[in-house]
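Chemist: No gaps in the numbering here: position 288 of the sequence shown is 288 in this note's numbering, and each next residue is one more.
Just so you know, the hints here were simulated from the structure itself, not pulled from any lab data.
All C-beta atoms, glycine included, are put in the ideal place defined by N, C-alpha and C.
In the BS3-like style, the derived pairs of lysine-lysine whose C-alpha atoms are separated by at most 30 Å in a straight line are: (1) Lys171 to Lys152; (2) Lys662 to Lys602; (3) Lys423 to Lys198; (4) Lys56 to Lys20; (5) Lys475 to Lys426.
What follows is a set of in silico ranges between Cβ atoms, one per label pair, in the way DEER data are often shown: (6) Leu59 to Val294: 53 to 61 Å; (7) Gln524 to Val294: 24 to 32 Å; (8) Thr278 to Gly170: 15 to 23 Å; (9) Gln553 to Ala609: 36 to 44 Å; (10) Glu452 to Gly241: 34 to 42 Å; (11) Gly170 to Ala448: 47 to 55 Å; (12) Ala609 to Ser677: 15 to 23 Å; (13) Glu169 to Gln524: 43 to 51 Å; (14) Glu169 to Arg276: 18 to 26 Å; (15) Gln524 to Ser259: 20 to 28 Å; (16) Thr532 to Phe399: 22 to 30 Å; (17) Gly170 to Gln553: 55 to 63 Å.
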Amino acid sequence: MSAVLPNRTINQLDHSGKIKAQHLNRKAIIYIRQSTLQQVQRHQESTRLQYGLADKAVLLGWPRGDIEVIDEDLGCSGSTMAGRQGFQRLVAEVGLDHVGLVLGLEMSRLSRSSRDWYQLLEVCAIFSTLIGDMDGIYDPSLYNDRLLLGLKGTMSEAELHILKQRMLEGKRAKARRGELGMPVAMGFVRQLSGLIVKDPDEQAQSVIERVFELFERKRTISGVLLELVSQQIQMPHRVAGGLNKGDLVWRRPNRVTLSNLLHNPIYAGAYAYGRRPTDPRKKIPGRPSTGRTVAGINDWEVLIKDHHPAYISWSQYERNVRQLQANTAQSFGVVRQGTALLSGLLICGRCGLRMAPHYSNSVGQYRYSCDRMKIDYGEAACQSLSGLTLDDYVAAQIFKALKPAALEISLAAAEDQAAERQKQQKYWLQRLERAHIDTERAARQYHAVEPENRLVARTLERKWEETLNAELELKAQYEQFLLKQPAVLSEEERVAIQRLAQDIPALWKAETTTAMDRQTIVRQLIERILVTVIDNTEKVQTEIHWHGGYITQAWLDRPVAKLEQMADYQAMLDRVKVLQSQGDSPTQIAETLNTEGWKPPKRRQTFNAPMVRCLLNRQGIQIGTQKQQHTANIPLEANEWTLKALANELNMPEPTLYAWIKKGRVKARQIEVNTRSCWVITANQHELEQLRILRTVKRTWIKSVVEPVH
Numbered sequence: 001m002s003a004v005l006p007n008r009t010i011n012q013l014d015h016s017g018k019i020k021a022q023h024l025n026r027k028a029i030i031y032i033r034q035s036t037l038q039q040v041q042r043h044q045e046s047t048r049l050q051y052g053l054a055d056k057a058v059l060l061g062w063p064r065g066d067i068e069v070i071d072e073d074l075g076c077s078g079s080t081m082a083g084r085q086g087f088q089r090l091v092a093e094v095g096l097d098h099v100g101l102v103l104g105l106e107m108s109r110l111s112r113s114s115r116d117w118y119q120l121l122e123v124c125a126i127f128s129t130l131i132g133d134m135d136g137i138y139d140p141s142l143y144n145d146r147l148l149l150g151l152k153g154t155m156s157e158a159e160l161h162i163l164k165q166r167m168l169e170g171k172r173a174k175a176r177r178g179e180l181g182m183p184v185a186m187g188f189v190r191q192l193s194g195l196i197v198k199d200p201d202e203q204a205q206s207v208i209e210r211v212f213e214l215f216e217r218k219r220t221i222s223g224v225l226l227e228l229v230s231q232q233i234q235m236p237h238r239v240a241g242g243l244n245k246g247d248l249v250w251r252r253p254n255r256v257t258l259s260n261l262l263h264n265p266i267y268a269g270a271y272a273y274g275r276r277p278t279d280p281r282k283k284i285p286g287r288p289s290t291g292r293t294v295a296g297i298n299d300w301e302v303l304i305k306d307h308h309p310a311y312i313s314w315s316q317y318e319r320n321v322r323q324l325q326a327n328t329a330q331s332f333g334v335v336r337q338g339t340a341l342l343s344g345l346l347i348c349g350r351c352g353l354r355m356a357p358h359y360s361n362s363v364g365q366y367r368y369s370c371d372r373m374k375i376d377y378g379e380a381a382c383q384s385l386s387g388l389t390l391d392d393y394v395a396a397q398i399f400k401a402l403k404p405a406a407l408e409i410s411l412a413a414a415e416d417q418a419a420e421r422q423k424q425q426k427y428w429l430q431r432l433e434r435a436h437i438d439t440e441r442a443a444r445q446y447h448a449v450e451p452e453n454r455l456v457a458r459t460l461e462r463k464w465e466e467t468l469n470a471e472l473e474l475k476a477q478y479e480q481f482l483l484k485q486p487a488v489l490s491e492e493e494r495v496a497i498q499r500l501a502q503d504i505p506a507l508w509k510a511e512t513t514t515a516m517d518r519q520t521i522v523r524q525l526i527e528r529i530l531v532t533v534i535d536n537t538e539k540v541q542t543e544i545h546w547h548g549g550y551i552t553q554a555w556l557d558r559p560v561a562k563l564e565q566m567a568d569y570q571a572m573l574d575r576v577k578v579l580q581s582q583g584d585s586p587t588q589i590a591e592t593l594n595t596e597g598w599k600p601p602k603r604r605q606t607f608n609a610p611m612v613r614c615l616l617n618r619q620g621i622q623i624g625t626q627k628q629q630h631t632a633n634i635p636l637e638a639n640e641w642t643l644k645a646l647a648n649e650l651n652m653p654e655p656t657l658y659a660w661i662k663k664g665r666v667k668a669r670q671i672e673v674n675t676r677s678c679w680v681i682t683a684n685q686h687e688l689e690q691l692r693i694l695r696t697v698k699r700t701w702i703k704s705v706v707e708p709v710h
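Generate coordinates for the entire structure from the input sequences, incorporating the hints supplied.
Modeler: Below, the structure written as structure tokens:
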């Protein structure tokens, strides 16, 4: 491609004789660039002028075979070197000492960034490469030429900045008036006058309303998505371009679509601009659309409320945004599938981190543990306590809070269920109506064609048959939907619900009330719970923070493994010794301890005689029993022990040693002595040491394999 040369040529402007043999011995590069593809298509005269620079290079003395044209950057912006393969190749060729002249129509074609421009100047100065434009030839190694080239590069960058700033200010001014045209979200259409109105299709409106109603109930995007899929509800989309521009199409819902819908303030009737500003630090070179960030509501450049018809109120939009933020990993999240009532709400009173439930292999057993530092850094676990103990206390507090409003809650639940059925019924009727309209349209098209035109008639007949089958299938699905719907509550059923609501604990423990239902109720009332275990004792300090600012503080007793962990262990021992010195039997001592309010460890609520004997044995006070006299006559061989003797030797409770026998951890046999069965355990000195080690191992919530002692 060539162009008619202007009257003045670069050869005429080269009065200083800068072009020398060392330059002519290397090739000349013609660099061609247009900023956008639209400029390439619509402003072709500029492109022709740039290609015509090859003829100028010939006039300057370069053979046509030594002239190379670099035009890979047509349609690329000169504001950065990233993504401009042609400019990068140009710099590389200069650095390889292959170029004697770089020729461009003007300096702005080479670069509009001072950083890239001065990099090119530096490389050209080092390798004695000339730079030329329509005004003349410049040698970057000469100070005066370099100063002029620097000024030209600065002006090119400033020109781009001024153009961008002018257009951006105009865009912002239009946005402040709410007139800047942006793509509208689904459920809205833009009229020719520029006004934003709701989609005229009633089904499209009802689907959008349905999404917000489901989110009010489910409170998670996943819950809304599953509900939409189960009800076979699709999302309305208007075709943005092409031959079918403006047509309404239906697409299956997905998580991204629902997230954008719930975050978009357009559904609250607000016009917003500046919700996704660009952060230069996060921008990826060569990808102009990257670096987008999410700004808070207070940081939006423009926010005009009541700008157009709304699907929800502004307060509901703010609630939705807060709930979406609460569903993230850094927050308390939403209800889970586990049985733990307080999952996500417990905060460790020692370190301030969140406590998580840990489920054991036993059905219904779980603990709340603060072990984040242990998991992440291998440190010791902070604290833990039984989950059932804390859950029962919180449930009792919930009952107190719900009791005055029980009747109102039951009535609202019944009305909400009826309203939910009506909304589903409305959606199905709209789908049936649309399917019937499609069938009638297909029939009219078929009857309108000439019978002789079988090519068209066969196609329209097939389309009519497809719409008929689709309508029949939809009717069948609707009948199945009706069969699955519960009957409308009668007056007797409403009275029964009101009567049941008078007993909140029974409703709480009912089989129809799921663990997720209980967690949802707790989260509606409680914001968070601070828990602090005092040292390693059974004492637990709790602090319930209710929604609204009210705080309830209380002390609880958690189950512990050993008597030594009890906060009043020493006082308990002293009391037992006093009662024993008064001549009380173990049974009488146990009754006295229970009457005075002393609590044993683990999950027991009362003391019994064997537990009292264990306490006395730890103090060196032996109390004979019929069982001791019976076991004294057992014939034992070397390294054989009775159950009680080995328990005393290992300083452990007899029930625990008996459990070891059942689990196969020790070798034992049963013998008959005076018509009674007794356990005889075999354990030599080495095996005793193994049992002592096993006794010191702490129990974990991970099932481990322990080899039996033989």
